[in-house]
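2 protein chains.
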Amino acid sequence: MPLSAYAQQGTKVFNAETFKLDNGLEIVVIPNNRAPIVTHMVWYRVGAADETTGKSGIAHFMEHLMFKGSTGLAPGEFSKTVRSLGGNDNAFTSQDYTAYYQSIAVEHLEKVMTMEAGRMRGMAPPLEEVESERKVILEERRQRTDNNPQSRFSEQMGAALYVNHPYGTPIIGWFHEMEKLTWEDAKNFYDKWYGPNNAILVVSGAVTRQQVHEMAQRIYGSLQPITLPPRQRTISPPLHGQPKMILHHPAVRQPVVQRSYRVPSYRQNAKDSLALQVLEEIVGGGPTSRFYKSLVVDQKLATTVSLSYRAESWDDSILIVHAAPAPDIHPEKIEQAIESELRKLVKDGITEDELRDAKTSLQDAAIYARDSLSGPAMIFGYGLATGASVDDIEYWPDQIEKVSAQQILSVAQRYLDPDQKFDHPPVTGYLLPVIVQEEETKE
Amino acid sequence: MPLSAYAQQGTKVFNAETFKLDNGLEIVVIPNNRAPIVTHMVWYRVGAADETTGKSGIAHFMEHLMFKGSTGLAPGEFSKTVRSLGGNDNAFTSQDYTAYYQSIAVEHLEKVMTMEAGRMRGMAPPLEEVESERKVILEERRQRTDNNPQSRFSEQMGAALYVNHPYGTPIIGWFHEMEKLTWEDAKNFYDKWYGPNNAILVVSGAVTRQQVHEMAQRIYGSLQPITLPPRQRTISPPLHGQPKMILHHPAVRQPVVQRSYRVPSYRQNAKDSLALQVLEEIVGGGPTSRFYKSLVVDQKLATTVSLSYRAESWDDSILIVHAAPAPDIHPEKIEQAIESELRKLVKDGITEDELRDAKTSLQDAAIYARDSLSGPAMIFGYGLATGASVDDIEYWPDQIEKVSAQQILSVAQRYLDPDQKFDHPPVTGYLLPVIVQEEETKE
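Chains A and B supply the protein sequences, listed in that same order. All residue numbers for the first sequence refer to numbering that gives the first Met the number 0, where the first residue is 0 and numbers rise by one. All residue numbers for the second sequence refer to numbering that gives the first Met the number 0, where the first residue is 0 and numbers rise by one.
Please note that the accuracy of each hint is not assured.
Copies of the same chain are indistinguishable here, so a pair counts whether it falls within one copy or spans any two.
Below, simulated DSSO-like cross-link-like pairs (lysine-lysine); rule was C-alpha separation at most 27 Å, straight line [as the list claims (entries may be wrong)]:
1) LYS401 to LYS343
2) LYS179 to LYS54
3) LYS110 to LYS299
4) LYS270 to LYS54
5) LYS19 to LYS79
6) LYS186 to LYS54
7) LYS11 to LYS299
Worth flagging that the hints you see were computed from the coordinates, not collected in a lab.
Could you put together the complete structure from these sequences and hints?
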């Protein structure tokens with residue numbers, strides 16, 4: 000039986016066990032006994048988009064500070080302990096969630112759980128650690144964003160796409176605001192959002208529901224829930240202009256043409272989101288996709304092209320068409336070729352063959368995802384943190400199976416039609432080397 | 000003696016009398032006895048840029064509500080009383096200030112002053128007035144912005160120019176946020192910002208300092224000062240991309256090409272601001288200006304072109320180059336012609352003749368401004384509300400006189416050079432009819 004046939008039977012992908020402690024902590028256990036190891040993740044339903052205006056970067060700064068001293072742990076002791084036990088740990092911050100994880104031998108699960116519970120409500124970094132960590136995040140911004148033209152470009156595309164919405168502010172923060180972040184700012188953010196009733200614990204690996212339940216009850220169970228504010232974000236107004244962003248940068252070797260669209264997230268519109276996921280596979284998914292065949296193979300206008308869609312987002316999500324023009328090809332030619340492909344899509348839709356292939360490929364990927372420990376933990380984490388249910392995740396291959404060609408045509412027409420006016424118009428961007436500036440801006 | 004010689008003598012333009020009450024109310028009296036009338040204005044040092052995120056439009060909503068019932072006055076009674084006494088009154092809101100004024104026979108000054116003082120701390124509109132006034136501001140937005148392509152265009156240009164800064168939000172507010180504004184929101188704003196120590200009273204007309212002082216002391220003097228928060232606005236990050244905004248609208252008959260620059264306000268940099276004021280006169284001031292002569296008269300590329308600079312702004316101000324392309328002239332041609340003029344300016348600067356003519360014209364305008372009652376009151380109001388001093392205003396012609404050709408060259412180079420990279424790059428916009436859309440977006 001081919002893997003893809005699997006999904007049609009309505010079987011769960013991960014067979015995760017889920018339950019909740021009395022203090023509101025949601026728990027997902029994904030048993031996997033291939034090796035005596037475990038991935039332990041805590042996801043908080045808070046991210047950069049929940050920051051106060053003018054305090055950009057505080058979510059990410061707080062993530063860093065979580066390693067700098069908590070109940071019973073000296074600064075740096077958390078990670079040092081994990082490493083000394085043969086494991087590894089890290090954390091990351093998005094617009095909508097912040098997550099902490101450790102991968103470690105199963106016998107040390109209790110230890111990492113104890114440490115993680117300790118920093119859920121008991122952060123108290125020494126002030127000199129706060130000062131030095133601020134330097135670290137500023138350096139991180141310099142390295143990853145300020146010295147990276149693609150990041151600078153994305154940041155400005157984002158600001159243009161998300162007017163009056165926090166997604167227009169970069170996760171890492173604006174440098175001049177980061178410089179002024181204090182422990183008081185971090186503590187306000189922490190006290191407001193970090194608590195068991197705003198967290199999801201995901202444990203995958205050589206454990207049973209029973210073991211995790213007992214251990215989590217003992218370790219996390221005594222933490223008091225917090226009073227959670229609503230997730231209140233500003234909303235973008237309808238804007239009908241066509242924004243464009245051109246960035247010339249001396250470090251650019253390969254020009255980029257990008258168009259970013261605002262499209263529904265899974266939380267906002269599950270049906271459309273599923274159709275967009277299949278559309279992504281057909282139009283932009285690798286060397287057999289429509290865009291690639293047309294722009295790279297047939298027309299030789301671009302050396303690479305992709306269309307990518309992110310389903311996991313609390314508010315409006317993003318779909319990005321990204322292309323690298325072939326030498327001597329003007330970015331406008333690429334734009335026109337992309338629009339031409341989109342017009343075909345909007346007019347004729349997709350074929351049943353394309354649909355079948357895309358579904359198979361997506362469903363197979365879901366099955367392969369089961370093999371790792373961190374993969375499924377990630378899927379549950381970002382899914383649950385952005386409004387999906389456990390069933391949405393378990394039966395995702397079934398949901399993908401139900402997407403029709405008509406649905407794909409419909410989302411293409413409603414969100415990607417180059418001849419339609421949108422309330423939140425896509426932003427077109429060119430990232431170009433400095434040397435061709437004169438040629439580009441003149442006729 | 001020509002008018003322009005006047006300025007060189009270091010004479011005050013308005014001979015205004017200024018003083019302050021104990022409660023912090025700043026008072027400016029501009030005696031003018033041509034007619035037995037008076038203009039009475041109260042300026043609050045608060046505007047749309049001081050709003051809380053997500054509450055856009057509250058400053059302007061509050062301005063409307065100020066007419067809807069206060070201590071001793073029924074809704075609508077304020078304006079009705081002014082009209083019944085043969086006067087007229089109105090109000091306006093900007094990003095940085097909100098002002099209320101009445102023009103009336105001098106014998107009724109006490110009456111309007113009493114009413115104005117009554118609404119400085121005693122607003123209490125009935126809730127049904129709040130509800131109906133919200134409909135009024137929404138309708139105002141529909142009429143003036145949503146149905147007006149130039150306003151829609153400006154709004155989006157502003158959002159692109161002022162990333163992460165409140166000037167990127169329109170003064171009237173975003174429709175979806177205005178819909179949700181409540182009396183509680185307005186009251187919070189009012190209690191925070193409306194008080195004698197955040198206001199400037201300007202009286203111009205057939206009055207003496209003595210009369211106004213005595214009357215103001217009696218009427219405004221008993222109002223208690225409020226605890227004022229700092230004017231804390233978010234700051235735009237440096238962004239090096241070149242943003243562009245294209246808006247096609249069916250109601251556009253005449254296309255527009257616009258480029259908006261962020262430049263210092265008078266408060267931020269008096270010297271540069273004065274140079275920009277003279278530059279504005281030389282480059283963009285009417286049919287004898289450089290832009291007009293080049294683009295309209297000589298090259299016949301545009302039917303009109305202007306460069307306008309606003310000195311009165313709390314934070315970064317704006318300089319706008321605006322042109323209407325002649326029939327069949329592509330907007331890019333206009334852009335190139337503007338850039339070419341700017342390159343000349345940056346390279347060669349201006350001539351002494353141009354400088355002399357511009358100064359004379361500006362200084363003459365200042366002298367003529369003395370003739371009206373409301374003109375000088377306006378000048379003091381927006382000047383003082385955005386950080387200028389009384390002397391800055393009185394000796395403005397002298398200050399203009401001191402601007403050198405070198406200073407103008409310097410501001411042109413630092414703020415308008417088309418080949419320079421700016422931390423806050425200018426935004427280029429095209430406002431175009433819908434019918435030419437296909438031709439415009441294709442090669």
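| For the identical chains here, do LYS179 and LYS54 meet the 27 Å Cα criterion within one copy, between copies, both, or neither? | both (8 Å within a copy, 25 Å between copies)
| Checking LYS110 and LYS299: alpha-carbon separation at most 27 Å within a copy, between copies, both or neither? | Result: close neither inside a copy nor across copies, 56 Å intra and 79 Å inter.
| Checking LYS19 and LYS79: alpha-carbon separation at most 27 Å within a copy, between copies, both or neither? | neither (30 Å within a copy, 64 Å between copies)
| When no copy is named, should LYS270 and LYS54 be tagged within, between, both, or neither for a Cα gap of at most 27 Å? | neither (35 Å within a copy, 32 Å between copies)
| Intra/inter-copy verdict for LYS11 and LYS299 if alpha-carbon distance must be at most 27 Å | neither (43 Å within a copy, 71 Å between copies)
| task | Give the relationship of LYS401 and LYS343 under a CA distance limit of 27 Å: within one copy only, between copies only, both, or neither. | result | within (23 Å within a copy, 64 Å between copies)
| query | Given identical chains, is LYS186 near LYS54, meaning Cα to Cα at most 27 Å, within a copy, between copies, both, or neither? | reply | Answer is both: 12 Å inside a copy and 26 Å across each meet the 27 Å cutoff.
Figure legend: structure checked against the earlier numbered hints; hints not met, in rising order: 3, 4, 5 and 7.
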